[in-house]
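Can you make the complete structure from the sequences, with help from the hints?
Protein chains: 2
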Amino acid sequence: MKYDVVIIGSGVGGYPAASYLAGRGLKVAVVERHLVGGECTNYGCVPSKAIYHFAEALKTIEKVGGEASYKWSGLIEWVKSVVKESREGITHLLESKGAELHLGEAVVKQGRRVLVKSAEGAKELEAEKIVVATGTDPADIPVARFDGAGIISNREALYLEEKPERVLIIGGGVIGVELANALSALKVEVYVVELLEHILPFLDRDVALAVKTHLAQRGVKIRESTTVAKVERSGGKYIAELTSGERLEVDKVVVAVGRRPNSRGIGLEEAGVELDSKGFVKVNSRMETSAPGVYAAGDVVGGPLLAHKAILESIVAARSIVGEEAPTVDYRAVPLTVFTGLEVASVGYTEKELSSMGIKYTKYRIPLYYLSAVKIKGAKGAFAKILLSEDGERVLGVHIVAPNASEVVSSYLAVYLGRVKLKDAAFTPYPHLTVSESLRDFAEYILGEPVHLLKR
Amino acid sequence: MKYDVVIIGSGVGGYPAASYLAGRGLKVAVVERHLVGGECTNYGCVPSKAIYHFAEALKTIEKVGGEASYKWSGLIEWVKSVVKESREGITHLLESKGAELHLGEAVVKQGRRVLVKSAEGAKELEAEKIVVATGTDPADIPVARFDGAGIISNREALYLEEKPERVLIIGGGVIGVELANALSALKVEVYVVELLEHILPFLDRDVALAVKTHLAQRGVKIRESTTVAKVERSGGKYIAELTSGERLEVDKVVVAVGRRPNSRGIGLEEAGVELDSKGFVKVNSRMETSAPGVYAAGDVVGGPLLAHKAILESIVAARSIVGEEAPTVDYRAVPLTVFTGLEVASVGYTEKELSSMGIKYTKYRIPLYYLSAVKIKGAKGAFAKILLSEDGERVLGVHIVAPNASEVVSSYLAVYLGRVKLKDAAFTPYPHLTVSESLRDFAEYILGEPVHLLKR
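Residue numbers (this note's numbering), protein chains in the order written: chain A, 2 to 457; chain B, 2 to 457.
No wet-lab data here; the hints were simulated from the structure.
Since the list can't tell identical chains apart, any single copy or any two copies may satisfy a pair.
No more than 25 Å apart at the CA atoms, straight line, and that leaves these computed lysine-lysine pairs for PhoX-like: (1) Lys-28 <-> Lys-456; (2) Lys-164 <-> Lys-60; (3) Lys-85 <-> Lys-456; (4) Lys-72 <-> Lys-188; (5) Lys-60 <-> Lys-188; (6) Lys-60 <-> Lys-72; (7) Lys-118 <-> Lys-28; (8) Lys-381 <-> Lys-85; (9) Lys-81 <-> Lys-60; (10) Lys-381 <-> Lys-81; (11) Lys-364 <-> Lys-456; (12) Lys-353 <-> Lys-386; (13) Lys-353 <-> Lys-279; (14) Lys-381 <-> Lys-222; (15) Lys-28 <-> Lys-3; (16) Lys-81 <-> Lys-188.
Quick look at the structure:
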């Protein structure tokens, strides 16, 4: 069969392009080897934010001295139902637009043909253009190989059939700390080990410290500059020996040390698609790979492994294919978000990065606990930080550590991008009893006399 | 004693001006007759959003089949503690900036003198300038006069010592529906009567209908085009007879029909301050009243009775006093927010208003349930509506009905104000699993091929 575009992968790197192109009247096939919606819908953003939402509600009940009773199985069933609904939403979207869905493993062949292998046999799809959006898989490590039982990834960790008593999470990146936050709220005893000096190592120390303090208050035990030396199975449990000598007996070991691009063994290199040293697909600003007519988008091209980055790349690839104007993705403007009660949302450069590049900047930092919206959530450690260029003309970085930061950052992003001037933000009636209204106060703080904050 | 500025009222119309002016080194006195922080901090925004936050958490627990147990007294104690902390935050802010706080009733005298009467006696403050920020009081109605027992306002309704079984709320405006939403989540049986055709009558029918459906699902009984004909006390209960003939026996009757400006009997008119027919203080765009040197801000000047509007007016008054550049408040750009689980945030014109003015517009409306962030919150009725001018050049109105709309609207506000173009919003990587990312999709939808939505 012949298609205008074959898209490999129906996750956030794939389905937006499919929807756009099919909507424009192109003949589009989407190949999916597992579940429609990919990692984000089935194993990442959606189930993790569902559990997160429930976990935060539990903490709120406790705030007034109350207690919630619920069945673990009821929680997991609900998570599954949300995921199913999200997945079906994407299927419905693709169907409505007229994109064809082909279930099976894709292998790219010479001449822009895609072989789709499934239990029912193999078929070949011919394509004018191909979009590779195969994503990443969780990586394990030599001392802790996924064993299909207790050494697991995020994929299993969000669907545990029984509540574990004690969990060790290897890796204090976004996946690790989000899971630690949620599980601890669900009264699981959680340990996190992070090899580097602090959790969330790609963020500034003050940001990481605020999250660490918050997690510690929830009972999470964090071991930094530490990793796992050995993991042994012992009956139904696992004994982990840390490099510090500490020994932990746990029910589950979640390995969250990184992701591996799904780029090998699917014919990419043979078809002339260049990979980088880590196996990520190399693309230009139009999301074209080195093979003519082959595009790529999402996790498989590397960069920040975030759904909203993948969506934008997918849109850029699709628009490039039909010759529509498309932006060059500004990777610095992609907010990094961490959903941990005290959420993190980060745009632009960190202080670390600016320092390492020798760029001078002025740092402004305000505590956010003055906001009643933050008091209600009991988030004492909340703050926001804006890094300005030395001449004060450009916002170089925005870092928000606060409840709802993931929503709030969209307003700050407009300031980072220069679309909203600080001077205008200072006089904007952002709604009261939100965290977004901090933008008014932060702008005032930078520009002169802050009305809701002490002097700087 | 002689001051540069005497500010009457320490609520959201007063304390921002006090903070700004004292911070600039002026000698500032703030007169407060009751509690620092005024209505918003003590009886409005803060306690209502605290209860709201808890109420939504309860609903989340129920979503997975769970149940929360808590003591009503524990809830109220917690609300009080949040309010106290917010109040003390304002006191601390004013003290740190060097503003003096005077407790007592203020009466304005000729020659910009302010008499402060308290239990300790009376004193007179002389002022170069005066800012009147005396706010509003809840209004009652002839058939239901506040009785200090069961016929109450928002002030008592948020601090009930015992959980009522059944409550009648007279008035389906913002205060009424927010209270209905929270109380129903707390398993109080709630009735709302609204005199006009639909609740939230100042909003479009589709917005009101979505909130009504949401409230009905929570068990709230809403009677529109209906009011109370008679209320009688009967033992510890109240029997209300509606104009429809329906009779209700309830524990409490909350009157939430409107607010009355605190502008009479405090010397304003005698000092040359003009009031409008409803008693609101008339001001110009610099917040100057008709009496030289006398400014006013907040609820007492009328317009939308919203905290963020009051804050901005207070800043404008303060900046005008010291001759700093100040914006003219654009009242259309003040978001109206309703915190009802399925929240409402509304900026600009409604369809009703545009139609009544004979202004033609193009309406775009998208359902928001396609967002996983909305699915997680189970908010089936969520939607967003953008009204564009006929030439497509100007956003005339934005109406969001969704969880977190109060935060999300700040991003949409930038579009309403023309600071962020739809074309740019369509290519902005707003974080995934938020409601804010709907802005990208909505912009795409208006401009052409929507990636996450069906065609229009």
